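Participant: Spelled out from the first residue to the last, the chains are:
Number of protein chains: 2
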Amino acid sequence: MQFNQEMIQELAEHIYDLDAEVYAQLGSSLGRVFNRDREGCVRDMVKLMNSRDRAHLLRSELALISNMARTIPDREIRKMVMKEYNEILCQVKALPTSFGECDILNPELASLNALNLKQRFSQNDHRIICIGRTYGSGGTDIGFALADALKINYYDAEIFSEVLKRLDVEKDRIVDRGSFTEHSDIQGERAFAENGHMSLKEWMRAFSRYHGLSRRDAVFFNQSDLICDMARKESFIVMGRCADVILTNNRIPHISIFITAPFEQRVRRAMEINKKLTEKQARRLVKKLDRQHTRYYDFYTGRKWGDSVNYDLCLNSAAYGIEGAVEFILRMLEQNAS
Amino acid sequence: MQFNQEMIQELAEHIYDLDAEVYAQLGSSLGRVFNRDREGCVRDMVKLMNSRDRAHLLRSELALISNMARTIPDREIRKMVMKEYNEILCQVKALPTSFGECDILNPELASLNALNLKQRFSQNDHRIICIGRTYGSGGTDIGFALADALKINYYDAEIFSEVLKRLDVEKDRIVDRGSFTEHSDIQGERAFAENGHMSLKEWMRAFSRYHGLSRRDAVFFNQSDLICDMARKESFIVMGRCADVILTNNRIPHISIFITAPFEQRVRRAMEINKKLTEKQARRLVKKLDRQHTRYYDFYTGRKWGDSVNYDLCLNSAAYGIEGAVEFILRMLEQNAS
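Read top to bottom, the protein sequences are chains A and B. Mapping of the first sequence onto the working numbering: residues -13 to 324, in sequence order. Mapping of the second sequence onto the working numbering: residues -13 to 324, in sequence order.
No lab work stands behind these hints, which were simulated from the structure alone. These numbers were taken from a predicted model, which means no experiment stands behind them. Beta carbons: idealized from backbone N, C-alpha and C, even for Gly. Treat each hint with caution, since some may be false.
Said to hold, decoys possible - Simulated coverage check for chain A against chain B, where a stretch passes if three residues somewhere in it have a Cβ under 8 Å from a Cβ of chain B: (1) -7 to 7; (2) 123 to 130; (3) 211 to 218; (4) 267 to 274; (5) 278 to 291; (6) 308 to 318.
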């Protein structure tokens, strides 16, 4: 729709009249939104409609009119007035300067957010849920129960190190065998082809993977590879491991959730989990683990751990409880899947 | 269920056997979870089951078994094994030291969280949604569109100041009339009774409300009263105003949502809204408004603005867009209402 100043003037008059109509219907209400002379009010509105940065003031005024209109006792009249209001709202939204125009959407982020309604018919059939959590928030319990409810795999640090240990054993076997044949390219290639579909190139990459890396980094990068590999094959829940950022960087859609709870609540829970802890020790433990978490996340991602801009969703588990949080997340997913 | 050491021993053996069964079915998998001698493994598990603070290790081991079990190709066998796994899981959860035992639930917080599934048949029919948001996150647009979609009232700072201005006019009228009769208690009381159901006590409170308060504080406390009054009467959406904390302190159930987006995204949007801003100015503006917001929230609530422990839910609007965020919130509510 193209707008000229005449149309804007008309729209402003329309708003003024709607306000008058609502006032006439309610009489004893808080008064009109525009309670000065018609000409002056319309002129001010036209100014607002032409200025992009103050458009929200017009919105507040419209909201105030509609708030009042909703209290009109006569059902038929209320319906009529609200219809008029909606028409006006549509027109205001269509204004080139309107508040409805600039979105905050980051198309790249949104395309990776599997909670987004727009994404629900995407090609990606795997449901990958990354859960970050603070110590003592019950996040691990929530993740585990969620995996159980969804009947999908659950991965945490312990499982990863267990899986990687086993993969390492397998890899070492390959490396060992490889070393026997490394002077013979042809033989070497054949050996790998027979042995787990590894090309020489892949083997070289695997072989050099640890070089120049600390063990911690090697573990991290191994985990990252594993997470991306798995994400292409199956649905799962992964706890921590900066999985959200790893998947985002690899452009793999997922859901990222951060679970936390007030500090005092977490201290109390830490003491319940480990009865030997005094309150002072529990406080120190929770703080220490928060610091470590923060450092780990920052080191590998350059982002601030637990900052809500880094996740699709943050939950305060104290407001739901473990069972409630699981139910809440399931609710979002069910709808998503339907 | 009462557990004795014999039962724990039995449970550990059951887990060991399940692992062996899964391995037998898969053969070429990553190997068994418990790959040492039966006796040693069972002894270790019994130790884990008796220690509360390391119970999560047992959970990881169980998860690893179930992750593998889910890949058993034969459907019937897989079903049987998973059934066995679920039985074991139930028993482990029932252990006095188990990870399933300590909840993070804060019953008071949960009873005020209207998103909680447990609350959905509560007496409270009003739906009050408090939305905090960072500047440039599109939070205001999301709130406004949400009110429109839910057909409930929308309140923001502008509307509040407008409403309070009008209420003040009315109050002044009362105060004026009151001052004529303040030497006559009986007459005074009658006058108030006739005039808006105000008792003398209430009037005294209203009259003295501004004394000793700065205008800013008076506005805040007036807004707080208004929010609580309204919450008893109607459903609505309220933007900012520390409404979440005000309602929590007054024990009124509500939903608290914080909406934010990455800084760069917000700067870009600020520039789109106000085309006159240079990038440098926009950065400064966003930072300044964040600081002001933080100070305001901290001053009146003593809490950290935007910290996810203070809300039921935090959303990153850049991952949804305005429309997507509205759809997402509606989705949670629809389910809640059903």
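Participant: With reference to the structure, classify each hint as holding or not holding.
Facilitator: Going down the list of hints, with the structure as the test:
Judged by the Cβ-Cβ criterion of 8 Å, the region -7 to 7 of chain A is not covered by chain B as claimed, because only 0 of its residues qualify and three are needed. With 5 residues having a beta carbon nearer than 8 Å to a beta carbon of chain B, the region 123 to 130 of chain A meets the requirement of three or more and the stated coverage holds. Restraint check on the region 211 to 218 of chain A versus chain B: 0 residues with Cβ-Cβ distances below 8 Å, three needed, restraint violated. With 0 residues having a Cβ less than 8 Å from any Cβ of chain B, the region 267 to 274 of chain A misses the three-residue criterion, and the hint is violated.
Remark: the region 278 to 291 of chain A is not confirmed as covered by chain B, as 0 of its residues place a Cβ nearer than 8 Å to a Cβ of that chain, below the required three. Given a C-beta distance limit of less than 8 Å, the hint that chain B covers the region 308 to 318 of chain A holds, as 7 residues qualify and 3 suffice.
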